[in-house]
Amino acid sequence: MTPAAVSHQVSVTTQDDVVAARRQARAMAIELGFDAFAVAAITTATSELARNVFVHGGGGFVTIETLRTGERLGLCLTFCDEGPGIEDVEQALQGGFSTKRSLGLGLSGSRRLVDEFELTSTPGEGTKVRVVKWTRR
Amino acid sequence: MIPILRVAGHILVSVQTELGDDVVAQFQDAVLMAIHEDRGRTDGIVIDITALEVVDTYVARVLADTAAMAKLMGRRTVVVGMRPEVAATLVQMGFTLPGVQTALNIDDGIAWLDAQR
Amino acid sequence: MASFTDRFGFSSTSLKERLRYFDIHPADLTLLKAHAELGHELTPAIVEAFYEHLLASPETAEYLSAPGMVERLQRKQAHYFHTLFSGHIDLHYVEERLRVGAVHERIGVPPRWYIGAYSRYLVLAHAAFHDRLEQAEAVALTAALEKVMHFDAALAMDAYISAHLETATRQRAAIRELSTPVIRVHDRVLLLPLIGTVDSHRAQEVMQQALIRISEEQARVLLLDIAGVAVVDTQVADHLLKMTAAVRLLGAQTVLTGISPMVARTMVELGVDVGTMHTRNALSDGLELALDLVGMKIGPIT
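Protein chains in written order, with the numbering used here: chain A, 52 to 188; chain B, 140 to 256; chain C, 3 to 304.
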C-alpha cells in the first residue's frame, strides 16, 4: 500500500505542544513502516528539536511530511522559529554547551539520529532545522 | 502525580507517562521529598522507566541529576527497565549516562541496592 | 491482496499524468482503434515471426522448450497485440500490465526479453503498416503504437523492479538474522559470536538484535566474542564500546572475549579505553566469568 503524501504542521508554543509534535512524528513514523529503533530515533530527535524551538526559539512550528523517492519512503521534519538564532552554529553542533537547558547537546545528538540534517540560522531572525530519515532499504 | 512506593526497604518510582517538562519537575521533587521523609528508614531508590518510549537528552539529564541529588542525600539510585530502542537512541546521540547505575528490572535493582548495604 | 494499481498508488489522475508524460494523446488511441481490424489481421503473422525470433536465440529458445510454453506464449502475445489496438487505456489496462511485470519477475523472465519483444513487434508492425497503408498514415500509426508500447514497457518494468526489490528485502532480512546469531548459553547469559567485517551498518544491526534479546530474556550478561572479526580498528572499537554502553543502559554487562594478541596491541596503541568492561582472551575464560557474574560456576563433579 502506498501511503499518500501527508503533511502535518504543529505549532509549538507550549510544553504540551512539544509532546504533541512528538506524538505526531511517532504516529507518522509508525505509519510509514519504520522499525522500533528508527521510530525511537525520529521521536527523540523531534523531542529535542521541538524543545529547542520552544525553549530557545520563543516558539514556532514543526512541519512533518512524508517523502517518497522511487522505492524509498522517508519522513521529513522541519523545525522553525523566529527566535534569536544561533550565533556560533559550529560550536552548537559540536555539543559543547553545558548549561542546564542547553541547546548544543540536543542538536548534535539529533544530528546523529537522522540521515539528513540541515540547519540555517540568522542571529536575530530565527532558526530552521530540517531533518530527514529514510526507511531502511 | 508520580506514584511512589516502598518496596523491600527501598523507594520505588515507576514512571508511567511520558516525561514532559512539567511532569519532570514534579518527578524530581517527589523523589527528593520521599527521600527526605524516609530518612533513616530506606536505603535506595529504584526508578523504573519500563514504560518510557522516549528518553531525550533532557530526560536523560533529569535522571542523572536526580541520581546525583539523591547521592548527596546519602542514597543510591538505580534506573531499571530501559527499553532497547531507548538505549540504542541514547548511545547513538552520544549519551551513556556514566553516573547512573542501571539494572534490568525492579528485582535486579533491589538486589543491587541490597548488595551495597 | 491489494490490486497492483493500489499498491503502486495509481489513480485516474496519476494515470492521466503518466499518459501525458509519455506523449500519448486521445488522437493516438483513436488512431489505433481505427486500425484495429488491420491490427487483428496482422496479429497471427506477427506472433509467428516473434516466435521464430525467440527460437533463433539460444537463451530464449531454451525457455521455449518447456512443455506447453509455446502455445501459452503465442496466445498471450496475440491477446496483447489485440489490446494495443483497443484505443482505451484505463486503470484496468494498467492493472494488467503491472500484473504481467510481476509475473515475469516471479517466473524469472528478465526484462531484456520482453523489451526486446516490444522492439521486435515494432519492426514487424512498422513493415506491415507501410506495406498496407499510405506513408503518412503508416508513420502516424507506427508512432502511436510505439508510444503505447513504451508506456507498457515502463509499467512492466515498474512491477518487475518492485517485485525484485521485495525479494531482495526479504533476502536481506534473512541474512541479517543469520549474521547476528545470539545464543542463550545459560540462564541469563547470552553469547554473541561476531564474525566477519563490522561496518557501522552491521554494528547497528548487531547492537539492536543484542539489545532486543537481552531485554526479552532479561539476560544479565552478554558474552561478546570477537575472535572472528576480521579487522579491529578505531571504528570497530568505537562500535564495540557503543554496544557495551547500550547493554549497560539496559542493566546488563558485557564480557568481551576473543581478544587476540594482535587485537590487544592494536587497541592499546590506538588508545582505546575499555573502561570497566570485562575482557578476556579465550571464550572459555569469558564464559566462566559470565557465569560467575550470574552466580554460577562450572566445576568438576565432586
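Worth flagging that the hints you see were computed from the coordinates, not collected in a lab. Note that this is a predicted model, so its numbers are computed, not measured. From the three backbone atoms N, C-alpha and C, an ideal C-beta is built for every residue, glycine too. Hints may be right or wrong, so weigh each one.
Stated by the list, open to error - If you want the footprint, here are the derived chain C segments under chain B, 3+ residues with CB under 8 Å:
hint	stretch
1	151 to 162
2	207 to 219
Claimed, not checked - Pulled from the structure, derived: some chain A residues nowhere near chain C, Cβ distances all over 12 Å:
hint	residue
3	Gly121
4	Val140
5	Leu170
request  = Return the numbers of the hints above that this structure violates; sort them in rising order.
outcome  = 1 and 3
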